[in-house]
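2 protein chains.
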Amino acid sequence: MAKELDFLTKRSEDYSRWYNELVVKADLAEQSDVRGCMVIKPYGYAIWEKMQRLLDDRFKETGVQNAYFPLLIPKSFLSREAEHVEGFAKECAIVTHYRLKTNGTGDGVVVDPAAKLEEELIIRPTSETIIWNTFKNWIHSYRDLPLVVNQWCNVMRWEMRTRLFLRTSEFLWQEGHTAHATREEAEARTRQMIGVYADFAEKVMAVPVIQGVKSETERFAGALDTYTIEAMMQDGKALQSGTSHFLGQNFGKAFDVQFLNKENQAEYAWATSWGVSTRLMGALIMTHSDDNGLVLPPRLAPIQVVIIPIGGKPEQVAAVDAAVAPIMDELKQMGISVKYDNADNRRPGFKFADYELKGVPVRLVLGARDLENGTVEVMRRDTLEKETRQLEGIAEYVRQLLDDIQQNIYQKAKAYRDARIYECDNYEDFKARVKDGGFFLCHWDGTAETEAKIKEDTQATIRCVPFGFEQTPGVDMVSGKPSVARVLIARSY
Amino acid sequence: MAKELDFLTKRSEDYSRWYNELVVKADLAEQSDVRGCMVIKPYGYAIWEKMQRLLDDRFKETGVQNAYFPLLIPKSFLSREAEHVEGFAKECAIVTHYRLKTNGTGDGVVVDPAAKLEEELIIRPTSETIIWNTFKNWIHSYRDLPLVVNQWCNVMRWEMRTRLFLRTSEFLWQEGHTAHATREEAEARTRQMIGVYADFAEKVMAVPVIQGVKSETERFAGALDTYTIEAMMQDGKALQSGTSHFLGQNFGKAFDVQFLNKENQAEYAWATSWGVSTRLMGALIMTHSDDNGLVLPPRLAPIQVVIIPIGGKPEQVAAVDAAVAPIMDELKQMGISVKYDNADNRRPGFKFADYELKGVPVRLVLGARDLENGTVEVMRRDTLEKETRQLEGIAEYVRQLLDDIQQNIYQKAKAYRDARIYECDNYEDFKARVKDGGFFLCHWDGTAETEAKIKEDTQATIRCVPFGFEQTPGVDMVSGKPSVARVLIARSY
Numbered sequence: 327m328a329k330e331l332d333f334l335t336k337r338s339e340d341y342s343r344w345y346n347e348l349v350v351k352a353d354l355a356e357q358s359d360v361r362g363c364m365v366i367k368p369y370g371y372a373i374w375e376k377m378q379r380l381l382d383d384r385f386k387e388t389g390v391q392n393a394y395f396p397l398l399i400p401k402s403f404l405s406r407e408a409e410h411v412e413g414f415a416k417e418c419a420i421v422t423h424y425r426l427k428t429n430g431t432g433d434g435v436v437v438d439p440a441a442k443l444e445e446e447l448i449i450r451p452t453s454e455t456i457i458w459n460t461f462k463n464w465i466h467s468y469r470d471l472p473l474v475v476n477q478w479c480n481v482m483r484w485e486m487r488t489r490l491f492l493r494t495s496e497f498l499w500q501e502g503h504t505a506h507a508t509r510e511e512a513e514a515r516t517r518q519m520i521g522v523y524a525d526f527a528e529k530v531m532a533v534p535v536i537q538g539v540k541s542e543t544e545r546f547a548g549a550l551d552t553y554t555i556e557a558m559m560q561d562g563k564a565l566q567s568g569t570s571h572f573l574g575q576n577f578g579k580a581f582d583v584q585f586l587n588k589e590n591q592a593e594y595a596w597a598t599s600w601g602v603s604t605r606l607m608g609a610l611i612m613t614h615s616d617d618n619g620l621v622l623p624p625r626l627a628p629i630q631v632v633i634i635p636i637g638g639k640p641e642q643v644a645a646v647d648a649a650v651a652p653i654m655d656e657l658k659q660m661g662i663s664v665k666y667d668n669a670d671n672r673r674p675g676f677k678f679a680d681y682e683l684k685g686v687p688v689r690l691v692l693g694a695r696d697l698e699n700g701t702v703e704v705m706r707r708d709t710l711e712k713e714t715r716q717l718e719g720i721a722e723y724v725r726q727l728l729d730d731i732q733q734n735i736y737q738k739a740k741a742y743r744d745a746r747i748y749e750c751d752n753y754e755d756f757k758a759r760v761k762d763g764g765f766f767l768c769h770w771d772g773t774a775e776t777e778a779k780i781k782e783d784t785q786a787t788i789r790c791v792p793f794g795f796e797q798t799p800g801v802d803m804v805s806g807k808p809s810v811a812r813v814l815i816a817r818s819y
Numbered sequence: 327m328a329k330e331l332d333f334l335t336k337r338s339e340d341y342s343r344w345y346n347e348l349v350v351k352a353d354l355a356e357q358s359d360v361r362g363c364m365v366i367k368p369y370g371y372a373i374w375e376k377m378q379r380l381l382d383d384r385f386k387e388t389g390v391q392n393a394y395f396p397l398l399i400p401k402s403f404l405s406r407e408a409e410h411v412e413g414f415a416k417e418c419a420i421v422t423h424y425r426l427k428t429n430g431t432g433d434g435v436v437v438d439p440a441a442k443l444e445e446e447l448i449i450r451p452t453s454e455t456i457i458w459n460t461f462k463n464w465i466h467s468y469r470d471l472p473l474v475v476n477q478w479c480n481v482m483r484w485e486m487r488t489r490l491f492l493r494t495s496e497f498l499w500q501e502g503h504t505a506h507a508t509r510e511e512a513e514a515r516t517r518q519m520i521g522v523y524a525d526f527a528e529k530v531m532a533v534p535v536i537q538g539v540k541s542e543t544e545r546f547a548g549a550l551d552t553y554t555i556e557a558m559m560q561d562g563k564a565l566q567s568g569t570s571h572f573l574g575q576n577f578g579k580a581f582d583v584q585f586l587n588k589e590n591q592a593e594y595a596w597a598t599s600w601g602v603s604t605r606l607m608g609a610l611i612m613t614h615s616d617d618n619g620l621v622l623p624p625r626l627a628p629i630q631v632v633i634i635p636i637g638g639k640p641e642q643v644a645a646v647d648a649a650v651a652p653i654m655d656e657l658k659q660m661g662i663s664v665k666y667d668n669a670d671n672r673r674p675g676f677k678f679a680d681y682e683l684k685g686v687p688v689r690l691v692l693g694a695r696d697l698e699n700g701t702v703e704v705m706r707r708d709t710l711e712k713e714t715r716q717l718e719g720i721a722e723y724v725r726q727l728l729d730d731i732q733q734n735i736y737q738k739a740k741a742y743r744d745a746r747i748y749e750c751d752n753y754e755d756f757k758a759r760v761k762d763g764g765f766f767l768c769h770w771d772g773t774a775e776t777e778a779k780i781k782e783d784t785q786a787t788i789r790c791v792p793f794g795f796e797q798t799p800g801v802d803m804v805s806g807k808p809s810v811a812r813v814l815i816a817r818s819y
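Quick note, the sequences are listed as chains S and Y, same order.
Quick note on numbering: the numbering used here labels position 40 of the first sequence as 366, and the sequence is numbered without any gaps.
Quick note on numbering: the numbering used here labels position 73 of the second sequence as 399, and the sequence is numbered without any gaps.
Hints in this document: simulated from the structure, not taken from any laboratory.
Nothing here was measured: the structure is a model prediction, and the numbers come from that model.
Take the hints with a grain of salt, since some may be wrong.
Said to hold, decoys possible - Distance condition first, Cα-Cα at most 27 Å in a straight line; then the derived BS3-like pairs of lysine-lysine:
1. Y/LYS416 with S/LYS588
2. S/LYS677 with Y/LYS386
3. Y/LYS376 with S/LYS386
4. S/LYS351 with Y/LYS462
5. S/LYS781 with Y/LYS427
6. S/LYS427 with Y/LYS579
7. S/LYS462 with Y/LYS588
8. S/LYS684 with Y/LYS386
9. S/LYS416 with S/LYS579
10. S/LYS712 with S/LYS677
11. Y/LYS442 with S/LYS442
12. S/LYS386 with Y/LYS677
13. Y/LYS427 with S/LYS579
14. Y/LYS658 with S/LYS386
15. Y/LYS588 with S/LYS351
16. Y/LYS757 with Y/LYS779
17. S/LYS427 with Y/LYS416
18. S/LYS386 with Y/LYS579
19. Y/LYS386 with S/LYS386
20. S/LYS376 with Y/LYS658
21. S/LYS427 with Y/LYS442
With the sequences and hints as input, model every part of the structure.
Below, the structure written as structure tokens:
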């Protein structure tokens, strides 16, 4: 089938182009005629919906409640938290008027200058400000805490250079916002949520991630600490896939959110925020997919199994239809989404290529001879391996195979990544190698100057101080100064 | 318990105020500091989430696929369809700039005049234009049709006078958009979706609705036909709860969406669109609730059963805790959401009133004496009736009771409405009675002049030409001209 797919650029030729083509050709998303805004097509949205549902279930297990806050934020709100405004107020969509009127020539509409807003409104780039302005009314006593709220919504950050899913002006995400009576509780929630993201990435998306904490330079604007999960794409670059922020009392103070503690004293509430976005779609695609198209983890595949009949004569097709019906029923009863594609306006070879492109994890093919033999051809998308199996017991076999694929693509991605994590103590060596991708564990003296120099020399950045690695003191590879720990450095999306 | 709730205005005193208070006091929603935009609070959002989930399941059963289209629409798109721009382009939020900069004094941000957009962007009031501009790239042949797409999203229409859920500048909704090869298929889909809405309203929300078709005056801007479901609130006013539009080829032509039919001839695609919004929350609240607070249909209640222990001594509470655990398990296994509220910082009486206010359908109360007797007190929210039941088999009893409540509140609402539907043939009589609410079935001559006069005289409007009523010709009550059918007239939200 590979020949029919040579319209997809090979990863080895141009990884970036392969990605762009794949997103469009697999019907995941496309650019709209509105600068920087994408259309998420039904097939892509079906994957996002599964992510949402499974992530939302995990949130709710930890006590999260969903809510909805306004799209528009008064300009003055952004200025309340000094660092936050620096980070977010610059490139954003600004609403200045609220009415159009027909123009003089009668063939269009123009902005009505009389309908100018007194204060401009900003389309939310993130919602800390409007939410903490609301929390002020909800929080009076320690009994009102903790507040653990989340919203699924669209946000907007004006981007000059966009790429589908990875960087778009408008994107979909969830943003969790919590308020706590103590610093300890807020810090624990911050860590808890990065743990939820890591678990989701690994168990559901089959994407191995490294958890860690950001350097001061790379922190969220207004945070005291930003935790991150970093995934490695097939080109060795890092993709920041989720973040969780400990915001201290910054927003509590900026929006005057005080509560009476058990001793009846007023204190400012402690805050966290945490989010993942449609960027996860990019991580999913770039971690697993291959030159034939998408490879999807079974837990997120909109269609987990496709069944395709072969053999031209109508009575043969009818016999296959009859044989497939009970298999479909059995699979559906197991909670497996299955599609039977017996459309006669596309040849089997075309269907094979198309479902490979779309990343359907398991394909079953049945013809007249299979029926005679009581067999079926099974193809698994992750390895493209085919085998002939007995029809008897095929549903149970497929169920296990889906589990196996889920595990296998995770292990494959992990092995790929682990082979590209390097300890490096020599800056010349680092500079020579980092452009080829990979995660570099290097000693860092903790200064923003060294961080800036690395970025300027190599475009690589400190992704995080990683957790789960045994750390010993050493010497910064750039400055030669003492270092307490290695950090993870990589070029990134 | 009623005494503890006398902070809620009675419906008979001021229905409108009762509604406004209830929405806020039951923690459903509140006004934000952004003009006309609401905050949907966790309890309100939990109800909306249930609506979304159940409606989305019904959509998917009819072949609907979800997708996502841009929030912002280029101004020129709105002008493409002449009637559409008249209806939607006037009161809307307009993005004119994409950057802020720090102002001279350093304590705030101002709009950067250098970052003016060449063409202004409108926050979607509805998405026909951007979606048909996208469909143009998706539709080439009859094989690409039908396209049956939906999005769940936020929209914005600048409103001068807003009321929580009923009329807000920003609201949440779903908008379905379909493209078809034939007029017949598009008309059938338009009717199919109003049927889905009606079924959802009646079976899930327990809100009886009248289906019908709008007069030309009341049609969606750009539609050839608008179907509606109209519900009656407790003050006798109508609330339009969902609409489905047959758009003909208007958008196909405006955005040049042509396909090659089976005879290889180019034709314009046929369109429908259909939507329901957070306005349904208003319909839900105003149909069922009473002077004690919310009454929720069990199928939408975030908490279906609350269990409250009474009796002060710690060992008594511990005994109740132990007795309640297996009941909780049994109810959860039945898929029933149950909350055990043994918090000791609120008195039982306060809890009773609070869960009544929140509309929890069933309340179980257990004390030491109940345990001795093997009994439990059961209260149903819809009638406020209490009874003592044996603990043995209580879960099964509660399951049936929830079904019974679901049926009962529907029947109650239907009886209330049916008693307020009047045939009326005399305009003086009509004018005298319509201000007290109710649906009036009257003969209409079909002219916009008569329609305008009725509205001017009485504020009542033609809600629809209703389906499911036997129609006979007659005489228009205003003009005396011949009429082919009765229409439904009412004052409305």
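Hint check:
no. : hint                   : result
1   : Y/LYS416 with S/LYS588 : 53 Å, violated
2   : S/LYS677 with Y/LYS386 : 24 Å, holds
3   : Y/LYS376 with S/LYS386 : 14 Å, holds
4   : S/LYS351 with Y/LYS462 : 17 Å, holds
5   : S/LYS781 with Y/LYS427 : 26 Å, holds
6   : S/LYS427 with Y/LYS579 : 24 Å, holds
7   : S/LYS462 with Y/LYS588 : 62 Å, violated
8   : S/LYS684 with Y/LYS386 : 20 Å, holds
9   : S/LYS416 with S/LYS579 : 22 Å, holds
10  : S/LYS712 with S/LYS677 : 16 Å, holds
11  : Y/LYS442 with S/LYS442 : 15 Å, holds
12  : S/LYS386 with Y/LYS677 : 24 Å, holds
13  : Y/LYS427 with S/LYS579 : 24 Å, holds
14  : Y/LYS658 with S/LYS386 : 16 Å, holds
15  : Y/LYS588 with S/LYS351 : 25 Å, holds
16  : Y/LYS757 with Y/LYS779 : 11 Å, holds
17  : S/LYS427 with Y/LYS416 : 6 Å, holds
18  : S/LYS386 with Y/LYS579 : 46 Å, violated
19  : Y/LYS386 with S/LYS386 : 24 Å, holds
20  : S/LYS376 with Y/LYS658 : 24 Å, holds
21  : S/LYS427 with Y/LYS442 : 19 Å, holds
Consistency note: the structure conflicts with the earlier hints numbered 1, 7 and 18.
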